[in-house]
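J.: Full structure from sequences and hints, please.
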Amino acid sequence: MKLSLLNELRVQNPIVFNISNFVTVQDVANGLNALGASPIMSEEVAEAAEMVGIANAVCLNLGAFTERQIEQIQTVGQLANEQHRPLVIDPVAVGAVTYRKHVANHLLETFHPDVIRGNAGEIAALADITWAAKGIDAGSGDGDLVAIAQACAQKLSCTVILSGPTDIITDGTRTVKVMNGTPLFQVHVGSGDMLSSIVGAFCAIEPDAFEAAQTACLVFAAIGQLVVEANPDVAAGSFIVKLLDALQTTTVTDIEAVAAFE
Amino acid sequence: MKLSLLNELRVQNPIVFNISNFVTVQDVANGLNALGASPIMSEEVAEAAEMVGIANAVCLNLGAFTERQIEQIQTVGQLANEQHRPLVIDPVAVGAVTYRKHVANHLLETFHPDVIRGNAGEIAALADITWAAKGIDAGSGDGDLVAIAQACAQKLSCTVILSGPTDIITDGTRTVKVMNGTPLFQVHVGSGDMLSSIVGAFCAIEPDAFEAAQTACLVFAAIGQLVVEANPDVAAGSFIVKLLDALQTTTVTDIEAVAAFE
Amino acid sequence: MKLSLLNELRVQNPIVFNISNFVTVQDVANGLNALGASPIMSEEVAEAAEMVGIANAVCLNLGAFTERQIEQIQTVGQLANEQHRPLVIDPVAVGAVTYRKHVANHLLETFHPDVIRGNAGEIAALADITWAAKGIDAGSGDGDLVAIAQACAQKLSCTVILSGPTDIITDGTRTVKVMNGTPLFQVHVGSGDMLSSIVGAFCAIEPDAFEAAQTACLVFAAIGQLVVEANPDVAAGSFIVKLLDALQTTTVTDIEAVAAFE
Numbered sequence: 001m002k003l004s005l006l007n008e009l010r011v012q013n014p015i016v017f018n019i020s021n022f023v024t025v026q027d028v029a030n031g032l033n034a035l036g037a038s039p040i041m042s043e044e045v046a047e048a049a050e051m052v053g054i055a056n057a058v059c060l061n062l063g064a065f066t067e068r069q070i071e072q073i074q075t076v077g078q079l080a081n082e083q084h085r086p087l088v089i090d091p092v093a094v095g096a097v098t099y100r101k102h103v104a105n106h107l108l109e110t111f112h113p114d115v116i117r118g119n120a121g122e123i124a125a126l127a128d129i130t131w132a133a134k135g136i137d138a139g140s141g142d143g144d145l146v147a148i149a150q151a152c153a154q155k156l157s158c159t160v161i162l163s164g165p166t167d168i169i170t171d172g173t174r175t176v177k178v179m180n181g182t183p184l185f186q187v188h189v190g191s192g193d194m195l196s197s198i199v200g201a202f203c204a205i206e207p208d209a210f211e212a213a214q215t216a217c218l219v220f221a222a223i224g225q226l227v228v229e230a231n232p233d234v235a236a237g238s239f240i241v242k243l244l245d246a247l248q249t250t251t252v253t254d255i256e257a258v259a260a261f262e
Numbered sequence: 001m002k003l004s005l006l007n008e009l010r011v012q013n014p015i016v017f018n019i020s021n022f023v024t025v026q027d028v029a030n031g032l033n034a035l036g037a038s039p040i041m042s043e044e045v046a047e048a049a050e051m052v053g054i055a056n057a058v059c060l061n062l063g064a065f066t067e068r069q070i071e072q073i074q075t076v077g078q079l080a081n082e083q084h085r086p087l088v089i090d091p092v093a094v095g096a097v098t099y100r101k102h103v104a105n106h107l108l109e110t111f112h113p114d115v116i117r118g119n120a121g122e123i124a125a126l127a128d129i130t131w132a133a134k135g136i137d138a139g140s141g142d143g144d145l146v147a148i149a150q151a152c153a154q155k156l157s158c159t160v161i162l163s164g165p166t167d168i169i170t171d172g173t174r175t176v177k178v179m180n181g182t183p184l185f186q187v188h189v190g191s192g193d194m195l196s197s198i199v200g201a202f203c204a205i206e207p208d209a210f211e212a213a214q215t216a217c218l219v220f221a222a223i224g225q226l227v228v229e230a231n232p233d234v235a236a237g238s239f240i241v242k243l244l245d246a247l248q249t250t251t252v253t254d255i256e257a258v259a260a261f262e
Numbered sequence: 001m002k003l004s005l006l007n008e009l010r011v012q013n014p015i016v017f018n019i020s021n022f023v024t025v026q027d028v029a030n031g032l033n034a035l036g037a038s039p040i041m042s043e044e045v046a047e048a049a050e051m052v053g054i055a056n057a058v059c060l061n062l063g064a065f066t067e068r069q070i071e072q073i074q075t076v077g078q079l080a081n082e083q084h085r086p087l088v089i090d091p092v093a094v095g096a097v098t099y100r101k102h103v104a105n106h107l108l109e110t111f112h113p114d115v116i117r118g119n120a121g122e123i124a125a126l127a128d129i130t131w132a133a134k135g136i137d138a139g140s141g142d143g144d145l146v147a148i149a150q151a152c153a154q155k156l157s158c159t160v161i162l163s164g165p166t167d168i169i170t171d172g173t174r175t176v177k178v179m180n181g182t183p184l185f186q187v188h189v190g191s192g193d194m195l196s197s198i199v200g201a202f203c204a205i206e207p208d209a210f211e212a213a214q215t216a217c218l219v220f221a222a223i224g225q226l227v228v229e230a231n232p233d234v235a236a237g238s239f240i241v242k243l244l245d246a247l248q249t250t251t252v253t254d255i256e257a258v259a260a261f262e
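Heads up: the sequence lines are chains H, A and V, in that order. With the UniProt record's numbering applied, the first sequence corresponds to residues 1 to 262, in that order. With the UniProt record's numbering applied, the second sequence corresponds to residues 1 to 262, in that order. With the UniProt record's numbering applied, the third sequence corresponds to residues 1 to 262, in that order.
Among these hints, one or two may not hold up.
Treat identical chains as interchangeable: a pair holds within one or across any two.
[As the list claims (entries may be wrong)] Cut-off 20 Å, straight-line C-alpha distance, at most; resulting in silico cross-link-like pairs (SDA-like, lysine to any residue):
1) K101 / P232
2) K177 / L107
3) K2 / V45
4) K101 / G53
5) K177 / E82
6) K101 / E44
7) K101 / E229
8) K177 / Q72
9) K155 / A230
10) K101 / A49
11) K2 / V252
12) K101 / I54
13) K101 / V45
14) K2 / Q69
15) K155 / T166
16) K2 / I129
17) K101 / R174
18) K177 / N231
19) K2 / F111
20) K155 / T110
21) K101 / E50
22) K101 / A46
Derived from the structure by calculation, the hints contain no laboratory data. Bear in mind the structure is a predicted one, so any value in this text is a computation, not a measurement.
T.: Encoded structure:
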């Protein structure tokens with residue numbers, strides 16, 4: 001686990017180009033900014049090549065898109081591949097909505113992601129494994145989560161992050177579990193989208209996507225946990241406020257003190 | 001007043017499908033989530049039928065739409081009727097903008113809402129009663145607010161919530177007034193939209209829309225009031241943070257202690 | 001410096017019609033509301049004339065637009081000119097993205113703004129002065145910022161606000177510097193967009209755009225500084241919460257006590 005990447009990120013201030021869903025876009029921008037990266041957003045395909053050109057990483061959120069946005073997502077994904085920018089995909093609700101699964105599967109035939117981050121229901125859907133997803137939530141199932149994440153990573157030849165109470169990060173061969181976190185991440189709608197973009201920021205400074213992904217997960221989960229430990233009364237609203245504060249102020253030493261992974 | 005519905009909502013965790021305006025969409029999602037419901041958003045008509053299918057209630061916000069979104073709003077409203085999902089409408093600014101009034105009137109000829117929630121200017125506009133609305137704000141007039149709400153409910157054969165310092169809830173015959181609340185609701189732009197979606201969440205678990213609507217109003221208004229009583233210094237920014245916290249943590253007993261309705 | 005304009009703004013509650021970028025739109029709405037103005041947003045060209053008609057000022061944000069939105073921005077800008085509504089432009093990222101610079105230059109041939117607000121990279125780009133911008137951030141350069149702002153103001157015959165650690169406000173002849181502020185404005189993504197709309201609110205009540213612009217800058221910068229002085233531990237998340245609170249509660253006297261301008 002290369003926790004020193006957090007210090008490098010804050011020095012390098014990488015630009016992450018996000019096609020974000022409209023529900024959580026401000027949280028994503030603020031989360032990147034607070035951590036020490038530089039967010040840029042765009043919905044216009046005419047500036048896609050230029051945006052990818054100035055970006056150090058690209059993060060595509062597949063939540064709440066329209067047909068027109070799908071074209072742009074495809075273009076940007078292909079541009080990221082062509083211009084060798086790390087590419088992170090967040091397949092929102094592909095486990096619950098068949099239409100989104102079809103679109104995601106189609107998109108993943110047109111470009112290659114370095115990292116896919118989703119909950120159990122989303123990762124299972126991409127791996128074609130049966131799972132009872134519920135809306136945007138993970139749902140429940142009794143599959144082996146590590147096996148599901150590995151199957152998805154092998155099928156799509158990329159690093160997979162299966163987010164949950166324990167995050168599972170795997171490139172299909174190597175696997176790490178991050179046990180830090182707090183249930184409050186599930187109560188705030190933007191948490192997963194924020195993590196996906198932060199994974200992008202770490203990929204911008206670390207060429208090994210598996211290393212970048214696991215570090216991003218540990219940093220994010222540990223900071224969330226530290227927020228709750230320092231503020232036992234936080235709930236749905238104050239958690240995100242204090243999380244943004246802590247993304248800015250938490251040090252590598254703070255994280256090392258609670259880091260739990262194997 | 002069935003306050004126990006709040007406990008049922010938290011157990012059942014109903015999915016509310018929202019077509020939200022882009023200004024307040026994140027607040028709406030976080031408000032539903034904090035209270036104990038599960039939000040899902042979409043802007044794409046191709047997934048409308050599937051979204052309505054997995055939803056337990058539908059909430060259509062008529063603020064800030066484009067022509068393309070109107071098509072989707074119409075499709076989703078009709079699907080909600082066909083699939084017997086409770087349907088809540090929030091007619092943002094129909095009192096101030098003639099174009100929005102025309103669009104809303106047209107839409108209301110193509111589907112039937114179970115609940116309409118708006119401020120005095122918006123409800124008066126839908127009831128074709130003269131009122132001086134101002135932008136997105138209620139404006140002022142000297143009409144009888146109860147008569148305006150009842151006229152709207154009778155004209156459109158649904159439950160109407162006329163939001164204000166006192167909320168008026170009526171199905172055209174039965175009428176309840178909720179006197180709880182705080183002026184800070186008016187200072188935060190997303191308050192009304194958040195309430196509309198929360199009405200949807202209560203309609204998902206209570207078939208009588210009038211019962212669901214009045215309970216939602218009392219729960220939301222009382223929680224806002226409790227926030228201000230517990231934190232006399234809250235203002236525009238901290239109010240929403242503490243409101244989200246309180247949506248998650250306030251109990252039926254807490255609400256009963258301050259409930260004021262007749 | 002007419003600080004009493006803040007009191008007038010709170011009495012008059014001017015309506016500001018914003019075409020906002022989707023990243024920061026809720027902050028913009030809440031910021032206007034907290035200060036005492038009344039925000040209204042729309043993405044639909046069919047209601048553009050009516051929106052401009054009910055507005056007391058118009059603010060066009062050129063961040064994150066699509067081709068379709070460009071048409072609407074052009075229409076609304078022209079309507080603001082025709083209907084003599086004060087017009088504020090925020091040229092997001094025109095310094096970093098050539099496509100945005102071309103679009104902005106084209107738009108500025110079709111309507112005339114009263115005020116343009118941007119960071120050094122954005123204002124330099126509009127003035128055709130070389131500058132190393134970085135994404136949505138100001139970037140760095142060694143030009144004379146006052147000369148850059150004046151060149152832009154003279155070229156476009158309007159008031160220019162060049163935002164930064166020191167804000168420079170100029171109509172090409174008269175120039176004021178506002179030295180208040182806090183580095184936390186840079187950490188929160190919506191700060192600049194919020195200021196642009198607040199400039200619109202002041203333009204709605206003060207016909208001299210140069211006077212309105214400098215007062216808006218001083219009010220916003222001083223309130224941010226007061227927030228940090230009163231809460232030394234604020235960071236990325238809590239700053240915006242307390243800023244919204246302070247936009248609502250800070251008095252002219254509070255601002256006078258720290259005002260630093262020349």
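J.: Run every hint past the structure and note whether it holds.
T.: These are the hints, each one checked on the structure:
1. For the identical chains of this complex, K101 and P232 are neighbours neither inside a copy (38 Å) nor across copies (47 Å), given an alpha-carbon limit of 20 Å.
2. In this assembly of identical chains, K177 and L107 lie within 20 Å of each other by CA distance neither inside one copy nor across copies; the values are 28 Å within and 50 Å between.
3. In this assembly of identical chains, K2 and V45 lie within 20 Å of each other by CA distance neither inside one copy nor across copies; the values are 36 Å within and 44 Å between.
4. For a Cα distance limit of 20 Å, the shortest separation of K101 from G53 across copies, 16 Å, qualifies, whereas the shortest one inside one copy, 29 Å, does not.
5. When the C-alpha separation of K177 and E82 is checked against a cutoff of 20 Å, the pair qualifies neither within a copy, at 32 Å, nor between copies, at 45 Å.
6. In the homo-oligomer, the alpha carbons of K101 and E44 lie at most 20 Å apart only across protomers (14 Å), although the nearest pairing inside one protomer, at 24 Å, exceeds that limit.
7. When the C-alpha separation of K101 and E229 is checked against a cutoff of 20 Å, the pair qualifies neither within a copy, at 37 Å, nor between copies, at 47 Å.
8. For the homomeric pair K177 and Q72, neither the shortest alpha-carbon distance inside one copy (34 Å) nor that between copies (42 Å) is at most 20 Å.
9. When the C-alpha separation of K155 and A230 is checked against a cutoff of 20 Å, the pair qualifies neither within a copy, at 41 Å, nor between copies, at 53 Å.
10. In this assembly of identical chains, K101 and A49 lie within 20 Å of each other by CA distance solely across copies; the values are 15 Å between and 26 Å within a copy.
11. Within a single copy, K2 and V252 get their C-alpha atoms as close as 10 Å, which meets the 20 Å cut-off; across copies the closest is 47 Å, which misses it.
12. For a Cα distance limit of 20 Å, the shortest separation of K101 from I54 across copies, 15 Å, qualifies, whereas the shortest one inside one copy, 30 Å, does not.
13. For a Cα distance limit of 20 Å, the shortest separation of K101 from V45 across copies, 15 Å, qualifies, whereas the shortest one inside one copy, 23 Å, does not.
14. When the C-alpha separation of K2 and Q69 is checked against a cutoff of 20 Å, the pair qualifies neither within a copy, at 35 Å, nor between copies, at 43 Å.
15. For the identical chains of this complex, K155 and T166 are neighbours neither inside a copy (22 Å) nor across copies (53 Å), given an alpha-carbon limit of 20 Å.
16. In this homomeric assembly, K2 and I129 never come within 20 Å of each other (Cα to Cα): the closest approach is 32 Å inside a single copy and 42 Å across copies.
17. Taking the closest pair of Cα atoms, K101 and R174 never come within 20 Å of each other, the shortest separation being 26 Å inside a single copy and 45 Å across copies.
18. In this assembly of identical chains, K177 and N231 lie within 20 Å of each other by CA distance neither inside one copy nor across copies; the values are 25 Å within and 38 Å between.
19. In this homomeric assembly, K2 and F111 never come within 20 Å of each other (Cα to Cα): the closest approach is 28 Å inside a single copy and 52 Å across copies.
20. In the homo-oligomer, the alpha carbons of K155 and T110 lie at most 20 Å apart inside one protomer (15 Å), although the nearest pairing across protomers, at 46 Å, exceeds that limit.
21. Proximity of K101 to E50 under the C-alpha cut-off of 20 Å is restricted to the inter-copy arrangement: shortest distance 12 Å between copies versus 29 Å within a copy.
22. Within a single copy, K101 and A46 get their C-alpha atoms only as close as 27 Å, which misses the 20 Å cut-off; across copies the closest is 13 Å, which meets it.
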